[in-house]
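Here the protein sequences line up with chains A, B, C and D, keeping their order. Quick note on the working numbering: the first sequence kicks off at 1 and runs consecutively. Quick note on the working numbering: the second sequence kicks off at 1 and runs consecutively. Quick note on the working numbering: the third sequence kicks off at 1 and runs consecutively. Quick note on the working numbering: the fourth sequence kicks off at 1 and runs consecutively.
Note that these hints are calculated values from the structure, not bench results. Each residue gets a CB set at the ideal place from its N, CA and C atoms; glycine is no exception. Among the clues, some could well be false.
Chain B regions said to be covered by chain D (calculated; three or more residues, Cβ under 8 Å) [what the hints assert, rightly or not]: (1) 185 to 193; (2) 386 to 399; (3) 409 to 415.
No more than 27 Å apart at the CA atoms, straight line, and that leaves these computed lysine-lysine pairs for DSSO-like [stated by the list, open to error]: (4) C:Lys387 / C:Lys46; (5) B:Lys336 / D:Lys34; (6) A:Lys26 / C:Lys338; (7) B:Lys37 / C:Lys34; (8) C:Lys29 / B:Lys37; (9) D:Lys34 / B:Lys105; (10) C:Lys46 / D:Lys46; (11) B:Lys172 / B:Lys216; (12) C:Lys46 / C:Lys29; (13) C:Lys387 / D:Lys46; (14) B:Lys172 / A:Lys37; (15) A:Lys336 / C:Lys34; (16) B:Lys105 / D:Lys15; (17) C:Lys387 / A:Lys461; (18) D:Lys34 / B:Lys172; (19) A:Lys105 / C:Lys34; (20) A:Lys216 / A:Lys105; (21) A:Lys336 / A:Lys351; (22) B:Lys458 / B:Lys377; (23) D:Lys15 / D:Lys34; (24) A:Lys378 / A:Lys278; (25) B:Lys105 / D:Lys46.
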Amino acid sequence: MRPDRRLIMERIDADAYPDVSGYMPKGMERGSLHLPKVNESELLRHYIALSRDNFGTDSGPYPLGSCTMKHNPKYADRLASQPSVGRMHHHMDEDHAQGSLEIMKRMEMALSEISGMDAISLQPSAGAHGEYAAMLIVKAYHASRGEERDEVIVPDSAHGTNPASAAMAGYKLVEIPSGEDGCVDLDALEAALSDRTAALMLTNPNTLGIFERRVKELAAMVHGRGALLYYDGANLNAIMGKTSPGAMGFDLVHFNLHKTFATPHGGGGPGSGPVGVKSFLEDFLPIPRIAEDADGMTLDWARPKSIGKVNGAMGNFAIILRAYAYILRQGGDGLKECSERAVLNSNYLKKRLENHYDVPFADPRKHEFVASAKNLKKEKGVRALDVAKRMIDHGIHPPTIYFPALVEEALMIEPTEDETMESLDRIADVMISIAEEDPATVLAAPHSAPVGRVDESKAVKDAVLSYRRMLSLREGSR
Amino acid sequence: MRPDRRLIMERIDADAYPDVSGYMPKGMERGSLHLPKVNESELLRHYIALSRDNFGTDSGPYPLGSCTMKHNPKYADRLASQPSVGRMHHHMDEDHAQGSLEIMKRMEMALSEISGMDAISLQPSAGAHGEYAAMLIVKAYHASRGEERDEVIVPDSAHGTNPASAAMAGYKLVEIPSGEDGCVDLDALEAALSDRTAALMLTNPNTLGIFERRVKELAAMVHGRGALLYYDGANLNAIMGKTSPGAMGFDLVHFNLHKTFATPHGGGGPGSGPVGVKSFLEDFLPIPRIAEDADGMTLDWARPKSIGKVNGAMGNFAIILRAYAYILRQGGDGLKECSERAVLNSNYLKKRLENHYDVPFADPRKHEFVASAKNLKKEKGVRALDVAKRMIDHGIHPPTIYFPALVEEALMIEPTEDETMESLDRIADVMISIAEEDPATVLAAPHSAPVGRVDESKAVKDAVLSYRRMLSLREGSR
Amino acid sequence: MMDFIGIGFEDELFKDVPEEVRCHLPLPKGMSEKDVTREIERILAKNSHAGEVPSFLGVGCYDHYVPAAVDHVISRSEFYTSYTPYQPEMSQGMLQALFEYQSHICELTGLDAANCSMYDGATALGEAARMCARLNDGNVFLAPRAMTREKVSVLRNYLIGTGVELELYGWDEDGGVDLDDVERRITDGVCGLYAETPNLFGVIDARVPLLRGMTDAPLVVGVNPIALALMRAPGDMGADIVVGDGQCLGSPMNYGGPGLGLFACRQEHVRKMPGRVIGLTEDSRGEQAFCMTLQTREQHIRRGRATSNICTNVALVAVAAAVFLSYHGRDGLIELAKENINRARRLMDLISDIDNVQSPVFDNHHFNEFAVELPVKPEKINCILAKRGFQGGLPLSAHVPEMGDCMLLATTEMHDDEVQDHFVSMLREVL
Amino acid sequence: MMDFIGIGFEDELFKDVPEEVRCHLPLPKGMSEKDVTREIERILAKNSHAGEVPSFLGVGCYDHYVPAAVDHVISRSEFYTSYTPYQPEMSQGMLQALFEYQSHICELTGLDAANCSMYDGATALGEAARMCARLNDGNVFLAPRAMTREKVSVLRNYLIGTGVELELYGWDEDGGVDLDDVERRITDGVCGLYAETPNLFGVIDARVPLLRGMTDAPLVVGVNPIALALMRAPGDMGADIVVGDGQCLGSPMNYGGPGLGLFACRQEHVRKMPGRVIGLTEDSRGEQAFCMTLQTREQHIRRGRATSNICTNVALVAVAAAVFLSYHGRDGLIELAKENINRARRLMDLISDIDNVQSPVFDNHHFNEFAVELPVKPEKINCILAKRGFQGGLPLSAHVPEMGDCMLLATTEMHDDEVQDHFVSMLREVL
Ligand SMILES: Cc1ncc(COP(=O)(O)O)c(C=O)c1O
Ligand SMILES: Cc1ncc(COP(=O)(O)O)c(C=O)c1O
């Protein structure tokens with residue numbers, strides 16, 4: 001029996017709103033408020049039951065490509081739950097916050113080593129936010145040189161946030177196609193580059209899991225036209241200890257601490273998206289900068305060239321702390337090993353699937369690879385979506401599907417370094433069995449999830465985003 | 001699909017035991033050790049998956065009679081998880097432990113108010129342990145008076161720990177039957193009492209949920225023969241703020257902090273079973289006693305009449321702290337209200353079931369009541385056990401069954417004060433539907449649990465209590 | 001595994017990384033879990049947190065009591081180790097919790113649609129301004145000058161790509177909106193108008209509802225969600241978009257992050273909204289179910305033409321807020337709001353007894369915080385207070401320079417009488 | 001609800017409670033969750049815990065590092081809010097976890113059967129002595145005099161109902177069993193013989209295996225489960241029953257409680273065993289399943305004739321131990337054991353350099369702790385150390401009076417070099 005899943009606000013307080021006069025200026029008083037009325041026991045049963053209808057990396061394999069769902073170690077959470085983390089306000093006198101500031105400074109230094117960048121700001125709240133901060137820096141840089149450059153080049157395999165961030169910063173987008181080998185087509189790049197080019201945004205390895213071997217050449221081309229080279233660091237976990245954005249010639253990079261550095265995703269966030277730059281761009285980084293002098297850590301606000309602030313505070317300290325704990329735990333060699341195992345796992349799983357799914361492009365892959373259900377679709381009418389839904393029945397989270405768009409019926413698979421061979425074999429066995437299964441079963445999946453296949457188009461059509469709205473539709477008015 | 005439930009030790013380390021010479025004296029070195037080899041991710045997935053196959057009060061209704069499965073508030077757990085609780089050693093200088101000692105002293109005082117006893121020891125580790133400490137006190141008391149009394153009287157409705165504790169202390173047991181009304185048969189008591197009687201052990205309300213109205217009379221009878229009157233305080237949650245063991249005339253009492261005072265049961269423990277006595281028995285309480293003087297709290301070991309120690313330390317401090325937090329939160333009125341609601345809920349549920357199950361004895365009940373499946377068994381062959389198993393399919397924990405033995409096919413139900421009317425109705429609806437259901441379905445239950453009905457007799461026959469044993473049976477030798 | 005792949009050693013998998021870009025990672029060796037814990041605790045011990053050194057800082061980030069039940073729920077690993085719920089069948093729990101969050105926010109704000117979080121209050125405002133630019137052709141966004149430098153800077157940065165200019169209007173002697181100044185600035189070119197209540201000065205501004213009549217451009221209102229327990233819903237004041245910071249709803253301050261950007265709007269504008277939203281729908285059996293919806297607004301579908309670049313948001317903080325609001329319920333939230341008003345009143349009254357101090361600067365209703373005018377530079381006072389074990393309030397000089405002698409003091413239910421009294425007597429001594 | 005029951009007001013439900021026994025509950029009014037938290041934290045702040053004041057106490061209760069994963073698992077509310085798993089179909093998770101715990105304990109001890117916990121090490125020993133009395137007719141239980149007064153007292157109290165006398169034997173100059181003394185005391189009347197390794201003095205006693213040859217009565221061996229990573233399994237030494245305290249396996253000290261009473265025995269004696277046990281079986285579909293078993297030994301079935309009165313045990317602490325052991329695995333546990341031996345060696349060496357101090361008193365292998373002889377009363381030294389921010393070791397006077405000048409010092413992996421060095425230099429100063 002499926003447990004009670006009523007909305008908690010259906011246990012509502014029906015009494016009249018109490019008299020609260022004297023607390024608000026005239027005309028500003030509230031007259032009603034509908035919130036649930038539950039005791040702690042009901043409250044917890046409700047939310048615990050909801051949690052049980054959710055799947056996380058602690059529940060099982062989560063090979064979601066481009067999302068790096070790796071294990072979130074518990075020591076990091078425990079460290080983050082102390083009052084010396086939680087009960088700190090970002091406006092505190094620096095003297096009161098030497099601990100937080102030291103953690104941040106050390107984290108900047110660690111990220112600098114990892115990325116080969118000269119200066120880091122931990123301020124951005126997530127990957128896309130780091131991209132945006134980077135685009136603002138690109139803008140400020142060219143402006144400082146009196147140059148007007150209004151285009152940003154983005155490969156078609158780029159993550160959606162890349163073009164979105166560039167556009168949000170006011171740039172025109174120039175999309176370039178991938179070549180046969182899944183890498184940037186250098187001729188297309190050459191054609192796209194111009195004096196209007198502000199930057200090229202690149203992920204390496206790209207979202208196909210392919211390393212752009214000609215990255216140095218590419219960097220030279222971009223730099224040769226006076227543009228900057230930006231690195232989307234969400235995929236850094238494939239290369240740590242092997243190469244770095246700095247070594248590859250990039251000028252700016254953002255990190256996804258919630259991917260590479262094993263902090264929890266929290267069902268969609270919070271994350272943390274620091275941005276790193278080569279020294280010639282340091283002056284443009286967000287304020288305040290953390291400075292260190294004889295007395296300890298201080299905050300430097302007097303940075304006239306800075307882009308200013310991208311969020312209201314200092315960044316997501318609680319996430320930064322977790323990531324720093326993880327970096328300390330792994331150490332340099334440990335991070336390198338993580339990359340090695342992530343890549344090994346990805347290539348192993350790819351090999352296991354090769355005879356059952358179409359897997360375009362040549363070896364080796366890095367941390368992820370993209371398979372395709374296009375043959376399955378042709379032969380049996382089973383799409384990537386159906387494969388995904390059927391995997392749910394086996395307690396394995398489906399891969400990312402339909403991304404990148406350049407692969408038809410894409411299944412983008414990133415096992416991460418945490419899965420054991422046994423677990424990889426289970427993923428493979430399940431995916432192979434689905435490929436061989438009676439299509440009717442697959443098309444009707446999931447069969448054993450808390451709900452049947454969810455009607456996403458109805459959700460779009462109705463656009464009911466709240467209980468209020470739900471009620472007003474139900475009552476026909478409100 | 002049921003997730004992987006292999007034993008964790010099946011992921012074993014097969015390498016040879018390493019060389020560890022130099023750490024042990026000759027002849028004391030180990031040669032092999034088989035423990036699982038898992039990474040943190042596998043470890044957590046394993047145990048989290050196991051937890052998901054378990055049901056607690058946070059999962060749903062748990063009307064387990066005589067066990068008081070009430071909500072365990074989370075603030076108490078959070079308080080107990082601090083280093084000022086955890087990193088304290090019981091042998092510390094009193095100066096270092098003033099906080100722990102003050103909590104304990106305050107708890108003693110609160111329990112004293114609640115029970116009407118003059119002195120409390122928090123040392124016993126659980127209810128049965130408190131009973132045992134009490135029996136040792138009874139023994140020491142009579143011995144101190146030069147009296148030889150070797151019998152303890154226990155009603156047939158008593159919890160199994162009562163006779164077991166008395167027997168463990170070396171007493172002969174005299175069992176007396178309950179009367180028609182479910183109460184102690186005073187004539188039988190009269191007949192059982194003698195100069196050999198050391199004590200009568202009583203629960204009031206008893207395990208049938210019936211209040212022994214003639215308790216004062218009964219106390220006079222027991223005291224009249226020079227025996228002591230012992231109160232099993234596991235059911236205190238029915239009467240707080242209404243009456244107390246002290247007011248009823250009892251000399252000794254134990255508490256179940258993990259029942260009345262809402263601390264977690266932890267799947268079977270730890271609990272805490274303080275013992276309280278009237279002043280004339282105080283000298284016999286376990287050592288050390290917590291004393292308070294101008295400088296603060298001290299430990300008094302110089303108590304020559306004391307029974308000594310019942311456990312190696314000071315009691316289960318982490319549980320005591322939680323219970324104290326709960327008592328502070330409720331306050332006197334709040335505890336009284338808990339009793340009122342517990343009794344109201346019990347009587348409501350009883351009323352709802354009355355037409356569908358046999359519910360012997362008259363009204364009102366206290367915190368619990370005993371229903372019977374004897375008619376169901378007669379009419380349809382459905383036993384209490386079957387009803388219980390079928391309730392599992394509905395996500396409700398079954399009541400205690402087959403206890404007390406004096407009620408045939410007993411279903412002992414204690415809803416606690418935490419269940420809402422809605423939840424009580426759900427329990428009732430489910431139990432009624434089972435009574436009316438096709439017996440075949442009920443007999444084959446559970447249908448939707450992680451396992452089918454478990455073969456308990458095979459477990460007894462095989463007596464396999466470890467993986468080692470399992471392997472050696474499997475291999476035929478080891 | 002290497003055998004199966006057909007390689008002899010692991011580095012073969014990196015043969016595609018050219019020699020010229022190879023490098024080493026010169027970080028120290030790894031540490032045990034125990035040593036990491038000890039090392040980080042050693043560093044954190046250098047902090048003086050609000051439990052040790054009472055703090056009077058606020059402006060969007062408050063030290064409230066976090067009920068243990070909230071911690072418990074967001075520590076459920078099924079929740080916090082999950083990703084964005086792309087596969088609704090596997091994520092009904094998170095989806096429903098977020099739908100409930102949206103519902104609570106809609107109820108508080110009096111609007112029908114809310115997204116399931118932005119990074120923080122400042123970026124939520126930035127996104128609101130951008131949304132206004134999408135809703136019409138104006139090229140000026142009007143906002144109060146009474147904002148922290150942080151918020152102003154974020155807002156500017158979020159408008160950079162839109163061509164919209166930021167124009168700031170002033171405040172009146174009672175700390176509310178200067179209506180004349182707004183009036184003067186309103187033209188057809190205004191694409192959006194923003195006001196806060198409570199505002200930077202903690203003032204509950206009864207003039208905010210009047211703004212609705214002054215322009216057809218979208219009205220954006222910034223709120224404190226706890227104050228909304230007592231305050232008229234902005235939707236009823238005519239607001240089109242409501243933003244704010246929801247950290248106060250069950251999350252620690254965490255040195256400022258993560259926050260919780262609240263974002264709600266009218267149903268009619270839902271397709272122009274930024275951020276992720278959870279919608280109600282049905283499953284194949286016709287039963288109630290939830291899923292992410294209106295995704296064509298988002299970057300992973302619309303890429304360069306998305307309403308925002310936001311991807312990862314702060315979902316777990318939103319869940320904490322949902323649990324917090326359900327824990328308190330209506331009456332609990334009202335009590336909490338009252339307590340915070342009373343605490344602030346008590347503190348401002350006590351301080352007003354000190355000679356040479358004006359407390360509060362603005363004679364008006366306040367929530368959580370209020371400005372006081374001091375005879376000495378606030379920065380200096382904070383230094384002295386620090387030596388006596390207090391973290392004073394926010395000096396306003398860096399934010400609204402004309403109030404350079406003022407300090408913003410915030411207080412919550414975490415300050416009992418003793419702490420307030422002690423603080424005031426210190427302040428008296430110091431002045 | 002009252003209507004339905006047919007009563008007019010709630011007190012009607014208490015009409016069976018006679019007036020003469022009625023009373024009030026004069027406790028103060030209830031407090032909010034926040035105020036309770038604050039009040040208790042205020043009191044607890046009076047403690048000086050081992051993280052603030054390094055402590056050198058041990059004897060069965062140690063300050064080890066608790067991996068965060070252990071906390072996480074036992075904080076799963078499905079585990080900790082459940083009761084004794086009477087309904088196996090609803091409790092497979094707890095049952096399997098406890099079966100795994102039993103399995104780990106069996107593996108460590110070299111025996112085939114273990115129960116799923118007793119209250120603590122001392123009561124486990126008491127129960128073991130009682131079990132010996134059940135296994136044969138003897139009326140003397142032999143145990144070392146080198147035990148804490150707590151343990152001796154508990155043991156006596158557990159033997160009270162059995163008619164068995166406790167007799168204590170001495171130790172040799174190397175701190176091990178005095179074999180001659182044991183020899184002298186062994187008669188047919190001995191129903192059980194108990195020895196510890198490591199013993200009270202932290203000595204790993206290589207003479208314990210020799211006891212097997214000296215009597216046919218059951219041999220009970222007391223152990224430290226972490227030491228067992230390196231030490232020969234007691235089962236291989238001929239032990240019939242193994243007991244010990246398992247708090248060191250992933251639980252905080254908690255001012256001494258809850259502990260974890262380890263209890264393992266030979267398969268042949270399983271039906272005489274005290275306490276709850278989890279057995280392997282099958283479900284109706286023939287699949288592996290677990291349930292409580294051999295319940296006819298227990299009080300809820302056998303009542304007055306049960307093997308023990310124990311009902312509630314410390315199951316959750318046992319789960320913590322299972323997770324702890326699985327977390328470390330063989331190699332991790334070996335490392336941990338080595339580290340603890342090395343820490344103790346280092347400390348005893350450093351102290352032995354102080355004049356007038358004999359460190360250790362016994363020239364033997366130690367685990368975690370060791371006795372040192374001091375020129376001043378240990379109690380007095382502890383007072384002075386306390387003023388300098390240390391919690392010294394256990395003065396032995398109250399436990400083994402003839403060693404009144406000795407102190408037992410325990411150290412674990414939580415003491416780094418700095419702490420040990422600092423402690424030793426303080427000690428040097430003080431002496
Ligand atoms: C390649 C890549 N870039 C950027 C992002 C955006 O990061 P975030 O979701 O933290 O905004 C992601 C994550 O989704 C990503 O995979
Ligand atoms: C009435 C009664 N007495 C005694 C006990 C024994 O308590 P414990 O399980 O804590 O040993 C119980 C609990 O099972 C009980 O219900």
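To see whether the hints hold, each was checked on the structure:
no.: 1; hint: 185 to 193; verdict: violated (count 0)
no.: 2; hint: 386 to 399; verdict: holds (count 5)
no.: 3; hint: 409 to 415; verdict: violated (count 0)
no.: 4; hint: C:Lys387 / C:Lys46; verdict: 15 Å, holds
no.: 5; hint: B:Lys336 / D:Lys34; verdict: 22 Å, holds
no.: 6; hint: A:Lys26 / C:Lys338; verdict: 16 Å, holds
no.: 7; hint: B:Lys37 / C:Lys34; verdict: 19 Å, holds
no.: 8; hint: C:Lys29 / B:Lys37; verdict: 23 Å, holds
no.: 9; hint: D:Lys34 / B:Lys105; verdict: 22 Å, holds
no.: 10; hint: C:Lys46 / D:Lys46; verdict: 21 Å, holds
no.: 11; hint: B:Lys172 / B:Lys216; verdict: 25 Å, holds
no.: 12; hint: C:Lys46 / C:Lys29; verdict: 24 Å, holds
no.: 13; hint: C:Lys387 / D:Lys46; verdict: 24 Å, holds
no.: 14; hint: B:Lys172 / A:Lys37; verdict: 54 Å, violated
no.: 15; hint: A:Lys336 / C:Lys34; verdict: 22 Å, holds
no.: 16; hint: B:Lys105 / D:Lys15; verdict: 34 Å, violated
no.: 17; hint: C:Lys387 / A:Lys461; verdict: 60 Å, violated
no.: 18; hint: D:Lys34 / B:Lys172; verdict: 50 Å, violated
no.: 19; hint: A:Lys105 / C:Lys34; verdict: 22 Å, holds
no.: 20; hint: A:Lys216 / A:Lys105; verdict: 30 Å, violated
no.: 21; hint: A:Lys336 / A:Lys351; verdict: 23 Å, holds
no.: 22; hint: B:Lys458 / B:Lys377; verdict: 25 Å, holds
no.: 23; hint: D:Lys15 / D:Lys34; verdict: 37 Å, violated
no.: 24; hint: A:Lys378 / A:Lys278; verdict: 49 Å, violated
no.: 25; hint: B:Lys105 / D:Lys46; verdict: 14 Å, holds
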